[in-house]
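Chemist: Work the whole structure out from these sequences, hints included.
These protein sequence lines map, in sequence, to chains F and L.
The first sequence begins at 1 in UniProt numbering and counts up one residue at a time.
The second sequence begins at 1 in UniProt numbering and counts up one residue at a time.
It is worth saying that the hints were derived from the structure and are not from the lab.
Using N, Cα and C, we set each Cβ at its ideal position, and we do this for glycine too.
Keep in mind that a hint or two might mislead.
Not close to chain L: a few residues of chain F, all C-beta gaps over 12 angstroms, as computed [as the list claims (entries may be wrong)]: (1) GLY110; (2) ALA118; (3) ARG236; (4) ARG326; (5) ASP351; (6) LYS362; (7) ASN400; (8) ASN407; (9) VAL467.
Ranges of calculated distance between the beta carbons of each label pair, as one might list FRET restraints [to be verified]: (10) GLU55/F to ASP588/L: 16 to 26 angstroms; (11) GLU284/L to LEU49/F: 33 to 43 angstroms; (12) LYS401/L to GLN430/F: 29 to 39 angstroms; (13) GLU295/F to ASP222/L: 56 to 66 angstroms; (14) ARG216/F to LYS401/L: 34 to 44 angstroms; (15) GLU284/L to LYS361/F: 38 to 48 angstroms; (16) ASN174/L to ALA232/F: 13 to 23 angstroms; (17) VAL283/L to CYS401/F: 31 to 41 angstroms.
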Amino acid sequence: MATQWVLLEVFQALNEVPFYHIFLEVGLLMWILWLIFHKSYNPKELEQLTDFEKEKLIEEWTPEPLVGNVAQNHPSLKPRMVSGKAGKFINVDGHYCLNMATHNYLGFVGNKDIEESAIKTLQKYGVGSCGPRGFYGTVDVHLDLEDRLTEFMKMEEAVVYSYGFSTIASAIPAYAKRGDVIFVDENVNFAIQKGLDASRSKIRFFKHNDMVDLERLLMDQAALDKKNPKKAQVTRRFLIVEGIYMNSGNICPLPELVELRKKYRLRIFVDESISFATLGDHGRGVTEYYNIPREEVDMISCSMEWSMATIGGFCVGSSFVVEHQRLSGLGYCFSASLPPLLAAAAITSLDIMEKDPTLFKKLQQQCQLVHKALSTLPLFILQGDPDSPVKHLYLRNPPNCTNHEFNLLSKIADFCIEHGIAVVTAAYLQTEKFTPRNSIRVTVNNMLTGDEINNVAVVLEKASSEVL
Amino acid sequence: MTPVWILSDYYNNINCCISFNILQLLKKNLIFLKIHVFLFAVPNLSSRLRFQSSSSDMTPNPRLRRSRYIFASNMAANGAVCSSKTKLQDGRCVVKEVNGVRNIFSEQVEYSKLLETKDSNGVPPKKKPVRSKESFEEVPLYTAVMTYLGFYLLMFLGYFNQLFFTPKVAMEKNREGYVPLFDRFESFYLRYVYRRVRDCWNQPICSVPGAEIVLKDRITKDYGWTFEYTGTFTKCLNLGSYNYLGFAEADGPCADAAAEAIEMYGCAMCSTVQELGTHPLVVELERTTAKFLGTEDAIVFGMGFATNSLNLPSLVSPGCLVLSDEKNHASLILGLRLSGATIKVFRHNNMLSLEKLLRDAVIYGQPRTRRPWKKILIVVEGVFSMEGSIVHLPDIIRLKKKYKAYLYLDEAHSIGALGENGRGVLDYYGCDPNDVDILMGTFTKSFGSAGGYIAGSKRLIDHLRVNSHAACYASAMSPPIAQQIITSMKIIMGEDGTLEGKKRIIQLARNARYFRRRLKQIGVIIYGNDDSPVVPLLVYMFSKIGAVVRTLRTRNIATVGVGFPATPLMEGRIRFCISASHTKEQLDKALEVIEEISDTLGLRYSQLPRFKGEVVYGSDDESQ
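Modeler: What follows is the structure in structure tokens.
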């Protein structure tokens, strides 16, 4: 009833109203509809470029050159040529020198046993492995090497990488992700720095070997965590240090670090590239040196390119931690595996190290002797732990300009090479987080005799007084 | 009454409009909704292993955005899930009707014509007449649905499993109260999904990875948690190693020379190149590489992965734009990420997508600041290792010249394996090496060694010698490794006075083409270019990867399976790598087995018409 009535009313109303009224109504209606549906004014449209303008922009754009100009006299363009083996003695640019520059701490370069096993492996497996570990690149030699490393370090598991640099640089981002916090010594080597970059975590640098500074940062973090406990529950905290620092030669204070690890619930990764096979009674590195149970450290990463005189690197730790890298370590998953002959060389190095633990004692004695000899130099400041095979010599009275300092040091190194002692200036790039001070890096190997060590000091002194 | 009526009418009208709009919106966003659903199911695992970042690091929740981008791009690329026609037909893909079945080919045919006519100088690019060779056949809808169902079933079973069985894995000791080290979903995925097919990877070998390979047998008694070695060995035909030219040899001139190098120089230098690591072999290798590639200079590094990841940061910096192919290798992506440059990803081998990005980049400059980009770098690979496709180099060179961009070409899989003289993609297309700014490659594959190189102008190489991270901090190349490359490269160049190198190159090309044509005849879907020695065979389903790899292994064929998260979820595949050391008989044997199992395992997905006649070995040589 009601609807009918309404409809009737409507028709009546339509009939009764004048025509102009309907016209107006319809007009209004259309206007409202238009208001609702019309495309609103878009100032951006007016800014649109025409095709002609676009072409012109493309034509006008000149990019920067791909690379800048390099000074043609830059030392890196003419690196010193080493012919023959870089053993105890080394032939640099035709000068026969005592080798105080390459990281052959245990004198394994030129070791007959190692070479023999490498050649034997070469004759069985060829040179390359032609595939990553996942895709038929795992040769049984790799498995043997991993077992041997695990056994040597007395830990649960080891993974072998095919390049020393990529070892720690891949291991860090396998664990540390965005949102995590990493506490790290500001003197860490470049590989660690790249690993930190790749992790995208928050990086907190503490002063070199300064536990007070580290604790301050940790307390800051604890305060932050208290403010936001929800976030703290998902923020992993890592502490990354080197056993012996490549850039300073110092040994990390591991006992204090482990205490802090316990107190602030950090996971500690130690890069033992230099300290492995140099520190400790059996060469097990900084943990053995300080007599700390290795479970206290979450992961140890080493390069095999220094004391072991081969190529590659490895990480050892508990299975829980290390196994993860087999799928998440980029340098492990996506790179071809280590050539079997180099893995075999590493196994033989381990054999020698296990057979003769006196190697390490001898090396430490040599390190101390060299330290003593070099600390008497009047024009240099010596840095580095007495037990460390890597030592840095800084100028006592450096000039203001770092380039000039570098040139002076290079001249000293040249003089030494001409006089039968091979030392080098440590090479750094400008892209380092904290560019280390220029220095001459002296390395120690366990084949040196007392006379040779004294001679090194004499030549260095002569060189410095000659150049400066 | 009138106004009431009018008002109610308006109201109705507006209501209608709104609901209509919502419907429209819904339709438009259906694809995104699907992606969202996905994101819930598969959070950021793919990002962990294939973290192709779409933009700079400034996005508020980058993990999420990143993975969404990957899924979106992958899905759009394979056109499977979101195969609404509108999405694919906007000039990017060509839809062809073959026997009433819709197939999506790669874009190559159409737009290469398009580009040639558009060439600004009026000079057609130097290019051999290349046949239409690339194909990416679309997955049948039924298979797509089944693949997703299969994956979700696996996930469901995994969760179910997790409820009732404790995992047999090492637990963390002595770290109570610590924030868990690993992502929960990732651990779940590895333990309950990946574990089921874990035996397909990391199989140890104990022989040269040549034409045949000896596998060290292992068994698992607890469904993949642990493995035991049985002490037996199986000899298999090797279709898994990257031994393209067959230089993985334990004897012969290369091995002899390498052994001599050990005696002469030892195994390592224990120093970096810039300090005391430069030995004569490195210098000789650099010279030989430059000569082989026809560039002014070259620099070599001890690891292929590091060549990319440690050199890209010294070439691009923040303020530069990098256009990266979506299928680029992890090492390139890592290098770009370390560089801090802005990364934009273009669709795989898609020149239109690349041109659009280039154009926009040059015209609009950097976002927010609107400054022009410092420089634009295009990063591509020669042969894509998972797709088997060959980069459309002449087109890219044309685009790069037009927009003044620089080109970084990673020839990891193509150097030695393509071209009449084995000089890679440049040789294959007949391009000028000077047109590519940075030529990168590895020695792992065709040369049977390890390491990588970068070749280019003297200016570039000098810059790298001074600024490269690897040259300054990584140890120098091992002498025997360098020697192996020198010898094998000289054989490829014919400098040893024999035709051995040439023979291998021809053998590889024949093998690859024969194998691919025969596979197509069988009716399986294979991706990529007809000339590429990387042959991915699509099996789609996650569990089929395991089934195929295992079955082939029992039939003495060693292959590699690749699945999520290394590939998109939809595109599980088996990858064959053809080598010059394979004989026709070996390939025939493999093909026979594949044909047999493609019936039992249901691999004949292809809906293209098949060639009925006999495929004659070596009949389609281009070099003759």
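Chemist: Against each hint, give a clear statement of whether it holds in the structure.
Modeler: Quick rundown of the hints versus the structure:
Listed as a non-interface residue, GLY110/F fails to keep its Cβ farther than 12 angstroms from every Cβ of chain L; the least gap is roughly 5 angstroms. Annotated as non-interface, ALA118/F brings its C-beta within 12 angstroms of a C-beta of chain L; the closest such distance is 5 angstroms. For ARG236/F, the shortest C-beta to C-beta distance to chain L comes to about 5 angstroms, within the 12 angstroms cut-off, and the non-interface label is violated. In this structure ARG326/F is not separated from chain L by more than 12 angstroms, as the shortest Cβ-Cβ distance comes to only about 7 angstroms.
With a least beta-carbon separation of about 15 angstroms from chain L, ASP351/F lies farther than 12 angstroms from that chain, consistent with its non-interface assignment. At roughly 18 angstroms, the least C-beta separation between LYS362/F and chain L is larger than 12 angstroms, which holds for a residue marked as non-interface. At roughly 24 angstroms, the least C-beta separation between ASN400/F and chain L is larger than 12 angstroms, which holds for a residue marked as non-interface. The non-interface label for ASN407/F is consistent with chain L: the shortest C-beta to C-beta separation is roughly 16 angstroms, beyond 12 angstroms.
Distance check for VAL467/F against chain L: the nearest CB is about 19 angstroms away, which clears 12 angstroms, and the non-interface claim stands. A C-beta distance of roughly 56 angstroms is found between GLU55/F and ASP588/L, which places it outside the suggested range of 16 to 26 angstroms. Here the CB-CB span from GLU284/L to LEU49/F is close to 53 angstroms, at odds with the stated 33 to 43 angstroms. Checking the proposed 29 to 39 angstroms range against LYS401/L and GLN430/F shows it holds: the Cβ atoms sit about 32 angstroms from each other.
Between GLU295/F and ASP222/L the CB atoms are about 26 angstroms apart, so this pair departs from the stated range of 56 to 66 angstroms. With their beta carbons about 56 angstroms apart, ARG216/F and LYS401/L fall outside the hinted range of 34 to 44 angstroms. Distance hint check: the CB atoms of GLU284/L and LYS361/F are about 41 angstroms apart, consistent with the given range 38 to 48 angstroms. ASN174/L and ALA232/F have their C-beta atoms about 21 angstroms apart, which keeps the hinted 13 to 23 angstroms range intact.
For VAL283/L paired with CYS401/F, a C-beta distance near 32 angstroms keeps the hint of 31 to 41 angstroms intact.
Violated hints, in rising order: 1, 2, 3, 4, 10, 11, 13, 14; the structure is consistent with all others.
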